[in-house]
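Student: What follows is the residue order along each chain.
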Amino acid sequence: MALPDALFYLFAFLTLLFGALVVANPFSRNPVTSAMFLVLTICAMAGLFVLLNAFFLAAVQILVYAGAVMVLFLFVIMLLDLKEEQRRKINLFGIVTGTGAVLGLGFLLTRTIWGGDLNQSANPRVIGDTKALGLELFTKGQFLLPFEIVSVLLLVAMVGVILLSKKELK
Amino acid sequence: MEPTLSPAGIAALTILLLPLAAAAVIAFCTQRDGERSANLSIGAIALSFILSLGLFFFTGDKAQEITFNWLSVGDLKVSFGLLLDPLSKLMLLVVTGVGLMIHIYSRGYLHGDRSFSRYFASLSLFTFSMLGIVLANNLFMMFVFWELVGVSSYLLIGFWFEKNSAADAAKKAFLTNRVGDFGFILGIILTWVALGSVNFAELASALDGKAFPFASLTEPLGKIAGGTHWWVVHPNVLATLVGLLLFMGAMGKSAQFPLHVWLPDAMEGPTPVSALIHAATMVAAGVFMLCRIFFILDIPGSHALEIIAWIGGFTALLAALMALQQNDIKRILAYSTLSQLGYMVMAVGLHAPGPAMFHLTTHAAFKALLFLGAGSVIYACHHEQNIWKMGGLREAMPTTWRTFQWGTLALCGVWPFAGFFSKDAILAAALEHQNIPLFVLGVFIAGLTTFYMSRLVLVAFCGNARSEEASHAHESPNVMIWPLKILAVPTLLAGAWGIDAYIGKAFPGGHQPHNEGFWQNLFSPFNHNILAAAFGLLAVVAGYQLARTLYVNAASDPLPDKIGVLAKLARDRFYFDELYEWFISVTQETLAKVADWFDRWVIAGLLVRGTHGTTELFGRALRLVQTGSLQTYAFLFAAGVVLVLAWQLLQTHAH
Amino acid sequence: MNVGLEHYLTVSAMLFCLGLLGVILRRNVLVIYMSLELMLNAANLALVAFSRFNENLTGQMMVFFVITVAAAEVAVGLALIVALYRKRQSAHVEDLTSLKL
Numbered sequence: 001m002a003l004p005d006a007l008f009y010l011f012a013f014l015t016l017l018f019g020a021l022v023v024a025n026p027f028s029r030n031p032v033t034s035a036m037f038l039v040l041t042i043c044a045m046a047g048l049f050v051l052l053n054a055f056f057l058a059a060v061q062i063l064v065y066a067g068a069v070m071v072l073f074l075f076v077i078m079l080l081d082l083k084e085e086q087r088r089k090i091n092l093f094g095i096v097t098g099t100g101a102v103l104g105l106g107f108l109l110t111r112t113i114w115g116g117d118l119n120q121s122a123n124p125r126v127i128g129d130t131k132a133l134g135l136e137l138f139t140k141g142q143f144l145l146p147f148e149i150v151s152v153l154l155l156v157a158m159v160g161v162i163l164l165s166k167k168e169l170k
Numbered sequence: 001m002e003p004t005l006s007p008a009g010i011a012a013l014t015i016l017l018l019p020l021a022a023a024a025v026i027a028f029c030t031q032r033d034g035e036r037s038a039n040l041s042i043g044a045i046a047l048s049f050i051l052s053l054g055l056f057f058f059t060g061d062k063a064q065e066i067t068f069n070w071l072s073v074g075d076l077k078v079s080f081g082l083l084l085d086p087l088s089k090l091m092l093l094v095v096t097g098v099g100l101m102i103h104i105y106s107r108g109y110l111h112g113d114r115s116f117s118r119y120f121a122s123l124s125l126f127t128f129s130m131l132g133i134v135l136a137n138n139l140f141m142m143f144v145f146w147e148l149v150g151v152s153s154y155l156l157i158g159f160w161f162e163k164n165s166a167a168d169a170a171k172k173a174f175l176t177n178r179v180g181d182f183g184f185i186l187g188i189i190l191t192w193v194a195l196g197s198v199n200f201a202e203l204a205s206a207l208d209g210k211a212f213p214f215a216s217l218t219e220p221l222g223k224i225a226g227g228t229h230w231w232v233v234h235p236n237v238l239a240t241l242v243g244l245l246l247f248m249g250a251m252g253k254s255a256q257f258p259l260h261v262w263l264p265d266a267m268e269g270p271t272p273v274s275a276l277i278h279a280a281t282m283v284a285a286g287v288f289m290l291c292r293i294f295f296i297l298d299i300p301g302s303h304a305l306e307i308i309a310w311i312g313g314f315t316a317l318l319a320a321l322m323a324l325q326q327n328d329i330k331r332i333l334a335y336s337t338l339s340q341l342g343y344m345v346m347a348v349g350l351h352a353p354g355p356a357m358f359h360l361t362t363h364a365a366f367k368a369l370l371f372l373g374a375g376s377v378i379y380a381c382h383h384e385q386n387i388w389k390m391g392g393l394r395e396a397m398p399t400t401w402r403t404f405q406w407g408t409l410a411l412c413g414v415w416p417f418a419g420f421f422s423k424d425a426i427l428a429a430a431l432e433h434q435n436i437p438l439f440v441l442g443v444f445i446a447g448l449t450t451f452y453m454s455r456l457v458l459v460a461f462c463g464n465a466r467s468e469e470a471s472h473a474h475e476s477p478n479v480m481i482w483p484l485k486i487l488a489v490p491t492l493l494a495g496a497w498g499i500d501a502y503i504g505k506a507f508p509g510g511h512q513p514h515n516e517g518f519w520q521n522l523f524s525p526f527n528h529n530i531l532a533a534a535f536g537l538l539a540v541v542a543g544y545q546l547a548r549t550l551y552v553n554a555a556s557d558p559l560p561d562k563i564g565v566l567a568k569l570a571r572d573r574f575y576f577d578e579l580y581e582w583f584i585s586v587t588q589e590t591l592a593k594v595a596d597w598f599d600r601w602v603i604a605g606l607l608v609r610g611t612h613g614t615t616e617l618f619g620r621a622l623r624l625v626q627t628g629s630l631q632t633y634a635f636l637f638a639a640g641v642v643l644v645l646a647w648q649l650l651q652t653h654a655h
Numbered sequence: 001m002n003v004g005l006e007h008y009l010t011v012s013a014m015l016f017c018l019g020l021l022g023v024i025l026r027r028n029v030l031v032i033y034m035s036l037e038l039m040l041n042a043a044n045l046a047l048v049a050f051s052r053f054n055e056n057l058t059g060q061m062m063v064f065f066v067i068t069v070a071a072a073e074v075a076v077g078l079a080l081i082v083a084l085y086r087k088r089q090s091a092h093v094e095d096l097t098s099l100k101l
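Chains as they are written, first to last, in this note's numbering: chain W, 1 to 170; chain A, 1 to 655; chain P, 1 to 101.
Hints in this document: simulated from the structure, not taken from any laboratory.
A virtual CB, placed ideally from N, CA and C, is assigned to each residue, including glycine.
Be careful, since some hints might not be right.
Here's a subset of chain W near chain A, in silico, CB distances under 10 Å, partners left out [as the list claims (entries may be wrong)]:
1. V64
2. G67
3. T97
4. G98
5. A101
6. V102
7. L108
8. T130
Full structure from sequences and hints, please.
Tutor: In structure tokens, the structure reads:
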């Protein structure tokens, strides 16, 4: 087996494993555990991005997602000082139907993917290095305006967060 | 169509409208003044009578018609028209002549009554309606006036409406009539559908001599029902059906079995009303109508006439049996009217409308005489009507006695009184038609008639007074006596005036009697059919002898002891009233119960509460979806996505 | 076996289903939110895979923007959760049912 393929299988396995552990981990019911495993999932995904020749995005994934978003998550968990989740009554009906729906979805998607006719080019050129990305973003594509708007969006988000977390003035 | 204003036409229109004008004037202007109202009413009918005489003697025998176009809707053209032929001219004389006598008589009988004006207004209205029936030239117009007569008779029978029995009797008469009218209107509609017209002249020419006129009927009826096969009925059946439906109108009006129950109860009205309505005119309207539409009943292949003959005969028998045991003088006369009507209907059924009209004419005269005489007796005995409380009136009221005796002789059919000739004509028709059972029946009923009339006369007039009032009775005032004397004349002589010859001209075909002059006419029945005359007279003699042995100087009725339960049956009118009452109450209750069930369970239950319940059920079911829990919503979202994707992807995959 | 587009897409699908499972089954609000992020990541992976195998840079552009917007969204969402926690004193989803009929 060629190295890239082996690496793919490794990273894919890791992604799925850590993803599963985010959702249902047997270690503890503490949300911090789930957050940790999410970080690991993101890192594994960054590896997959590298394999797909999207280097810039892999870096951004780790920097922004793992570095900022997950940290934010952990801040909030600490802030709220959440204890372990109390055990409440298990809704068996809900679990069964939920799992059934999700399995159905998975089955459908897999069947579609492996059903052939995905309209992909034969022997595609490998593109996606950072220089091409930068050119695409700033000059060649139509992405300059969205780029600027996204910055405004971030500003708006900031203002919103401040407003939402303000305590009532006595 | 321009109305042709010939003198005859104007006269006919005047005859018709004069009583209506009198009724209107009385109703609106002179209600408080009884005398003036009476004079108006009597004057109107007197004028009509004179004009009728003029029409009778001075116009030819051909039929004349005056029409005004009244209503035109699509194919239906209803006109208001007057038909003057021998039939209607004779009937005009009967109605206005006898009516005039009764108007004058009423002036005396109802003297001092509280509602004098109302009585005369109703009487004029009745006269107008009756004249409308006589003069009508098409079935629709006849039906309109038919109903008017019903209303007028309701007003007159229930004249003393403060008495419960009178109000009930009026209702009974009207409702029973209505049942007959239902059949009548069905018959009219069927006639119009089949033959395209309701005008008598047009109908007569359409049916003239054709063997199966209804062979073309199945076509129009088939078109109505969309041409389906089940509506194709045999022409004979259709002809019979039309005839019988039209006969139902006569059944109601002329009180034939089974709609005979109203006539005896209608005696609750004042006696002159009984004379007018139930002897001379209204009940005769049914027979008149049958003669008018005789050509419809006579269609070759139709069995209507046979059925009609037997119904008439049966009614006559039933009524005669019931009359045997009645003790109220007016009731006896009422049942005898029923019986004679049965005779007339039987005559029509024997293909002899001429003799039927002849008997109608003579019967009008002598029955009115009998009723007015009974009224005189009742008046003299201070409104006592039970014959067992009378007696000895022969010496006390000689004129009443003499005229009543003549009326009885005419009714029983004794030569040379008028009744003999008309009854003989009917019996002769039965023999000529080779209908021996009906002949025997007719003879038997003649015997019964003599029996119960002799009973009446022997008990009420002969012997000694049986009560206080009877012993103090004296002759009635002149205004009541003179009509009796005047009516006695046709009672004696009408048989030989050639009425049968005159009326025979209206019914071409069949035996045509000839008017040979007064003295020859007196003996013509013996020349024409000696058997009928002989048997008739034999029956009279037998009946009288039997009555004499039982009732001369009898203190009370000996018959119930001799024949036991049959007498009770006769006295209780064979329990027909009870039967009808039970039947109506049962149907009424069942219908009411069904309607109640339907209203309670289907409309209120299923539709109203059901809609409410279903909506509520749906609401409750759908509420369970709103759990408020985000996870439920997320799950439902995912499930929905799965379903839609499944449907889409698997579909395209299948391609 | 040569790794092709289908493999990447399968991984993406699996990850998406895992995220969905978490959203439906877990009771803690924050864990639900994290599963939501997992779903977003799965979408990103699919986009990049398509971009790579179809010679189209638009996919990577989309991912760029998705990550940015996801960051903003997480910030606002967490602020909301904090506010909610302050009101209800609980981060359990069964206590947040005031929309129930």
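Student: Against which earlier hints does the structure fall short, listed by number upward?
Tutor: Hints 1, 2 and 8 contradicted; others consistent.
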